[in-house]
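S.K.: Below are the chains, spelled out letter by letter.
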Amino acid sequence: MLLIPCPNCGPRDETEFHYGGQAHVAYPENPAELTDREWAEYLFYRDNTKGAFAERWLHSTGCRQWFNMLRDTVTYDIQAVYPMGEPRPDKENAATGTTAPTLTSPVSPEGAVK
Amino acid sequence: MADTAALENSKKIQTLRKSPASVLRTAFEAGSVPGTVELREVPFLTMAGLRVDPAGEAGKRLGTVTGGLPSASGEVRGSGDTAVLWLGPAEFLLVAPAESHESLGGELPRALIAALGDGEGQVVDLSANRTTLELSGPRASAVLEKGCALDLHPRVFKPGTALSTEIGGIPAILWKTGDETYRIFPRASFAEFLGRWLLDAMREYASTEVP
Ligand SMILES: [Zn+2]
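Chains A and B supply the protein sequences, listed in that same order.
Counting along the first sequence from 1, when you hit position 62 you're at 62 in the working numbering, and nothing is skipped either side.
To convert, count from 1 in the second sequence and add 114; that's the working numbering.
The shape of chain A in the complex, shown without the other chains:
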């Protein structure tokens, strides 16, 4: 069981969430101009990453909000949670060749804590 840190509610059991597949798959700008093959690739082709993978999650039993999560597909380690529409947090660091990226960890005590 994964303990997923929802950005709104704090850490909750995996069973409260729904998986939304790979993140950052942009809708084609001119879908009508795509060939059948390009359209099929947009619809069905996804990366099969070994390691850090950016994916979409929905906290369906809680706040019903979508968010993005960076998860290691080998260790299941959750490396970052970030809003939809924001760039993948480990990419710019990788490009500049810096060492281990500093990732925002929203893990906090139960969301209810006051």
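Note that these hints are calculated values from the structure, not bench results.
Glycine is no exception: its CB is placed at the ideal position from the N, C-alpha and C atoms.
Among these hints, one or two may not hold up.
A few chain B positions that, by computed beta-carbon distances, are all more than 10 angstroms from chain A [what the hints assert, rightly or not]:
#1 122
#2 131
#3 141
#4 142
#5 195
#6 203
#7 253
#8 282
#9 306
#10 310
#11 320
#12 322
Listed below are several chain A residues computed to face chain B (Cβ distance under 7 angstroms; list not exhaustive) [what the hints assert, rightly or not]:
#13 5
#14 8
#15 9
#16 41
#17 63
#18 64
#19 65
#20 73
Dock chain B with the ligand against chain A, hints included.
M.R.: Same frame as chain A, but now just chain B with the ligand:
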């Protein structure tokens, strides 16, 4: 305002309705262990779903009717016997006594719809969507801990907190209304299942403790 004859007729119809967990009323009485853990249904509470940006104009107008809107997960706002539970950043559940409903002469949800006006958002009468189970007593949290993964320790889960989560494998809203009192809101179709699940979880406390 509804005319008197229509209201009388509406009240007459109310006496015929059956609450989602009514089939378990005697089972709840038999399964309750007075002073240890007790379970009952609080039927027909008035509930309204509010979907509005709490910072916007419409959100502020709704807030003046409800006594504020909660701003973070777990928070409950309200005034008097009306409470507003946080369900999401722009989604809230208003809970009020049954008599607050306009079919019994109250002002809800009419007053909320009027406050929203043509502003951006929704007010939906959800009174029939969920029922309310009240679990109370010193063993209430021990019963819930059998099927709820939240940290229910009193240091973490304080009275006046409400969270949307899973209990006994089904989605439900859990509202801690007192030190040893919880209100649980399952959807109507889950009410009987959750009622029986809670009765089963309560059963061990009916027998004498093995020293
Ligand atoms: Zn959430």
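S.K.: Now tell me if each hint is right for this structure.
M.R.: Consistency of the hints with the structure:
1. 122: It holds; residue 122 of chain B is separated from chain A by about 40 angstroms at its closest Cβ, greater than 10 angstroms.
2. 131: 28 angstroms, holds
3. 141: Holds: least Cβ distance 27 angstroms, greater than 10 angstroms.
4. 142: Holds: least Cβ distance 25 angstroms, greater than 10 angstroms.
5. 195: 22 angstroms, holds
6. 203: 6 angstroms, violated
7. 253: 21 angstroms, holds
8. 282: The assertion about residue 282 of chain B holds, with a minimum of 12 angstroms to chain A.
9. 306: The assertion about residue 306 of chain B holds, with a minimum of 20 angstroms to chain A.
10. 310: Residue 310 of chain B clear of chain A: closest Cβ-Cβ about 20 angstroms, beyond 10 angstroms.
11. 320: The claim holds: residue 320 of chain B sits with its nearest Cβ about 29 angstroms from chain A, beyond 10 angstroms.
12. 322: The assertion about residue 322 of chain B holds, with a minimum of 34 angstroms to chain A.
13. 5: 12 angstroms, violated
14. 8: Holds. Min distance 6 angstroms.
15. 9: 5 angstroms, holds
16. 41: 34 angstroms, violated
17. 63: 4 angstroms, holds
18. 64: Given a least distance of 5 angstroms, the restraint on residue 64 of chain A holds.
19. 65: With a minimum Cβ separation of about 6 angstroms from chain B (threshold 7 angstroms), the hint on residue 65 of chain A holds.
20. 73: 24 angstroms, violated
Violation of the numbered hints given earlier is confined to hints 6, 13, 16 and 20; the remaining hints are satisfied by the structure.
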